[in-house]
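Those sequence lines, one after another, are chains A and B.
First residue of the first sequence: 1, per the working numbering; consecutive thereafter.
First residue of the second sequence: 1, per the working numbering; consecutive thereafter.
It should be emphasised that the hints constitute simulated quantities derived from the structure, not laboratory data.
In this text the structure is predicted, and so the values were computed from the model without any measurement.
Take the hints with a grain of salt, since some may be wrong.
[As the list claims (entries may be wrong)] Below are the DSSO-like pairs computed for lysine-lysine, each with C-alpha atoms no more than 30 Å apart in a straight line:
1) B/Lys108 <-> A/Lys210
2) B/Lys89 <-> A/Lys210
3) A/Lys206 <-> B/Lys108
4) B/Lys72 <-> B/Lys183
5) B/Lys100 <-> B/Lys72
[What the hints assert, rightly or not] Residues on chain B that point at chain A, a partial pick, calculated with CB under 7 Å:
6) Gly103
7) Gly135
8) Lys141
In this text, a Cβ means the ideal position worked out from N, Cα and C, and glycines have one as well.
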Amino acid sequence: MNGKKALLLVGSPRGLASTSNSLGDHLLSMLEEHGMALKKLAVYPALADEKKLTELLTAVDACSLLVLAFPLYVDHIPAPVMELLRRIAERRPGRQGEDPQSLVAIVNCGFPETAHCRPAAEIMRIFAVQAGFRFLGCLAMGMGGAVGNRPLAKAGLIVRHQVKALKGAAACLAEGREIPAEVVALMGKAMMPRWLYNWVADWGWKRTAKKHGSSRKLRDRPYAGGEGT
Amino acid sequence: MANTIIRANRAFGSKFLIFFWRLEKKLPLENNPGSKNTKRGTMKAVFLKGSPAAGQDPLSNRAAAAVMATMKARDWQVKAFALAGMDIKPCRGCFSCWAKTPGICVIKDDGQEPILRAWAEADRITFLTPITFGGYAPELKKTLDRIIPVLLPFFIEFRGETHHPQRYPRRRRLLAIGTQKQKDADSESVFRHLVQRNALNMVDVEATTLVFSGDASLADMEKELREEPLFQEVAP
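Start from the sequences, fold in the hints, and give me the full structure.
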């Protein structure tokens, strides 16, 4: 152990059964190899329970490296995670110690293009500045649906670029260095051709709808023309 | 076949055929043929007020008053939602609104359904939020996270990227107003980029962004809003 503590906050409503958790977990396992102590907490349950929230905020204050993993919602960070960021920033006005804590973000989106994640990465950067963290980078990726909540080790060859990127990122983070651009680019590399991902995704929606008996309703407009349920 | 098309064109007008051609090609649609309630000249607007509770952020509350006054002056039909006081629960990421109960969110609370209903009919959408780390404050974001029932789950390519088509196709305009207690060019730039990305992802939505900062007065804000081209237009 090198005395450094990494805290993973999982900012997905699906909690530990999410792609955000899979990605964050993989990074933690890599950081463990570099001698860091690990802790993991879910954001959503903490915001619904004052005791859990206090525990989470205390853990944030105590960590050396904060890892925030979340899905992209409407080009942005999910609302409960924004609420948490605001709470964290309010507790730390002007905090800038000699050895500031570091922050890294992991964001995944359901679109095939990683570019959709850019505003969220910028928001995380500004949060880091305002809350007194050193921002070490944002690992963003598209095609999040292809991971499907599986541990990366079991997701097969399609995530080979992401596995390699997380390993490279862990080496930098353990030394307190910023994640280089080539590692960020590797993380965002497509897992498969865009047409294939889109085709499988569309087919997946049709299959799920069939299971729920709603195949013929997929394009319904329940609130058109003042109607609705 | 050609004769049939010509006869149909005469019977229904070219707009009818263009509509189906655009639908087939998955292109954005100009009008919403499903809506019979929009009269020419009556602009329907949704105003999502993401200001904190009254009194907590005077700048944001002044901006809200300026927006309402400008919309009223233009005789817009406005449905305004003060989000800070509404019980809107977080999105669960279950995607039931796409595959199980298409177009309808399964979370039942007092806020989201009227917003979805108003959005479906709106020509103009207005966001108001204190700029928070360059993004939207949680008060606005909580409702935007649950706006995805107005989109379809399928993917289309639009301007070189993958997006979801609108469930209620209509050429909409988005006005996003951010407020900042102190001017911060970095946050403002990220905010403007975010709004453009939102508009792109809603497909066929054009966006305008305004940022009010410091001690901008109600009169200053109203003047700026009045001069905004978006407020000069008439309803489709």
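Here is what the structure says about each hint:
1. B/Lys108 <-> A/Lys210: holds, 24 Å
2. B/Lys89 <-> A/Lys210: holds, 28 Å
3. A/Lys206 <-> B/Lys108: holds, 25 Å
4. B/Lys72 <-> B/Lys183: Given that 30 Å is the threshold and the Cα spacing comes to 29 Å, the pair holds.
5. B/Lys100 <-> B/Lys72: With Cα atoms ~39 Å apart, B/Lys100 and B/Lys72 exceed 30 Å; violated.
6. Gly103: holds, 4 Å
7. Gly135: For B/Gly135, the interface hint holds, since the closest Cβ of chain A sits about 4 Å away, which is under 7 Å.
8. Lys141: Nearest chain A Cβ about 4 Å off; hint holds.
When held up to the earlier numbered hints, the structure conflicts with hint 5 and nothing else.
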